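Chemist: Turn these sequences into a full structure, and let the hints steer you where they fit.
Chains as they are written, first to last, in UniProt numbering: chain A, 1 to 384; chain B, 1 to 384.
Please note that the accuracy of each hint is not assured.
Which copy is meant is left open, so a pair is good if it fits within one copy or across any two.
Straight-line C-alpha distance at most 30 Å; calculated DSSO-like pairs for lysine-lysine [unchecked claim]: (1) 334 x 234; (2) 321 x 375; (3) 234 x 108; (4) 46 x 319; (5) 319 x 234; (6) 164 x 321.
Keep in mind that the hints were calculated from the coordinates and are not lab data. Remember, predicted model here, so these are calculated numbers, not experimental data.
There are 2 protein chains.
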Amino acid sequence: MAIQQKLSLMIPGPTPVPEKVLQALGRHPIGHRSKDFQDLMEITTKNLQWLHQTKNDVLTITGSGTAAMEAGMISTLSKGEKVICGVNGKFGQRWVKVAKEFGLEVIKIEAEWGKPLDPKDFKTILEKDDKKEIKAVILTHSETSTGVINDLKTISSHIRNHKKALSIIDCVTSIGACSVPVDDWELDVVASGSQKGYMIPPGLSFVSMSDKAWQASENSNLPKFYLNLKSYKKSLLSNSNPYTPAVNLVFALDESLKMMKDEGLDKIFKRHERHKLAVSEAAKTLNLKLFADENHLSPAVTAIQIEDIDAEQFRKNIKNKYDILLAGGQDHLKGKIFRVGHLGYINDRDIITVIAAIGNTLVEQNIISTDTAGKALKIASCHL
Amino acid sequence: MAIQQKLSLMIPGPTPVPEKVLQALGRHPIGHRSKDFQDLMEITTKNLQWLHQTKNDVLTITGSGTAAMEAGMISTLSKGEKVICGVNGKFGQRWVKVAKEFGLEVIKIEAEWGKPLDPKDFKTILEKDDKKEIKAVILTHSETSTGVINDLKTISSHIRNHKKALSIIDCVTSIGACSVPVDDWELDVVASGSQKGYMIPPGLSFVSMSDKAWQASENSNLPKFYLNLKSYKKSLLSNSNPYTPAVNLVFALDESLKMMKDEGLDKIFKRHERHKLAVSEAAKTLNLKLFADENHLSPAVTAIQIEDIDAEQFRKNIKNKYDILLAGGQDHLKGKIFRVGHLGYINDRDIITVIAAIGNTLVEQNIISTDTAGKALKIASCHL
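Modeler: Structure, rendered in structure tokens:
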């Protein structure tokens, strides 16, 4: 079984991992209660705060991004409490499921898949809530399933004006891809996962918690143990963990955060912006439609509609010939769209390569001319 | 900061990791929804069943052993249900906390730390339960905090006779160290963690679930999402995962399970038995007391009492001079005992080395003679 070819990961996670980070991952483990590990946790925690642009606690959990979102929700809320969930894709839907599972009362604010959530909808409902019954607004910043980025800056200003409600935000594919200034926007709970902008393999996830979120946690009565963030906060006082953490992934995290600091936040965000533009403009030149609203394209992933051909077959052709893995559509979008991840450890060459592969595959299927394929490369290149 | 010396891990987890496994860990990740990853999951799942000596489902979770135990409990039980918790150490205490957090009614069966749980206590309470109100018996097989192994074979026979109650067993430091014949003993829920007998770094945990456990899960009403094992079962039908798993740790798992199959269960268990005897007999020869009841010594870890000297200082001396990491006592045992882990990727040389280091440290502190230190080495060697 060939599980290790010369694979190029162009999916929205797991994303490619730098050699230096893989080498750190492959070190011999150390004791998780040792001084050496505490020193490491101290550094990674500080660097996580840098990445989140915050003075808030940023906690490291062994688990997926879903575990981090669930931890953020169940550590701050109580049974029967009213929350708003923004839903315009698969992940928005998932947070509704989690909220309902724990007995929260959900007010859904919806937009069609591919469209952004309308900040005005949040404003209206929050302003009407005189009795301050809404305890949290839960939403996804970059909706990985559709390639839409929601206007978190505006929505968070409406949440702030409400004063009572916490913001609980899935930033799984936005942290490390675009600016998420947690302190400036006063975001209370921000969840993210390692296999995305962090450039490390899956297995760790992160939750940033504001003072307001910690205050809410004091009254939270939802049952929880492994995902109780109060235990993580208590351990963090001594740079430790309540349960055995994925030590080797923390080695990798340390290395990747250092690489990110070397590049600098501004350069990282500009790189993602360039890659987003290059992929989306090239896709249009290839006569393909963008699935997401063009004014709200995620910096992490571009969803592309494809007509006449099954998107799954198209994806397979690209995997077989070029060993580039693209993501498919989820749920009702399966076979209708494919998604190009351009998140994390991606350079300009990767972008040119994926456009060349997509363009040439369309040429070989007599869908576009070689001239069109060439133009798409030129357009992509102009943005790099 | 020197986080990577020539460290020898002699703690009950993280345990040493073979080079081959570290190399697998350090591979470039692949997509977790790809055919290649599904093929890998199919193999690791089969090999996990081999290790558990079972035809039951064995699920892989990204999280610690605590996450696996919590998942087993909350996926099968319902609010207000009565459970027995066996408590003779820190981990037994933890499962009581989890049970109470989720509103279960706990009947504690206790033994002093260092002593085994008495199977008769389980028999008595289970036989009295005519109304079959007890829904589960929760206990720790190898109590890592004290080095005691509980008589799971006998206790599980009493649980079977009750017919209704599920067995929910923490086998975190027994799986891979001694035989846990899940089918023979009809164990319903068995939890374990990667950084123990599995010889891989922390981050994955495992839950074996019997048909009876799955039946109970149909009625379970405790709120859960990330740790809902039904989602893992559903995904396992297509060798997949409900949430992004720690892909690289699964590479490592695949490699380590292959190494374990090459060695064979019988040889693995005999090696752990030899090492247990070597360490415990040598400790006695060094005039040190075993903390655990000598007839119930864990094959994974030996807890050693030390008088006149602070155990924490003793442990530090051994770390500083020999770069061997021993575990300390937990809670009220801190400073009173140290624990030698001999679990997972440990060979005879490691055992001789740790005995040499302990013996010589005692000689240097004028606590024992060089002759005694020499005798301890000889005794250890006789058992290897």
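Chemist: In ascending order, which of the hints set out earlier in this document are inconsistent with the structure?
Modeler: Number 6 - this is the single hint that the structure violates.
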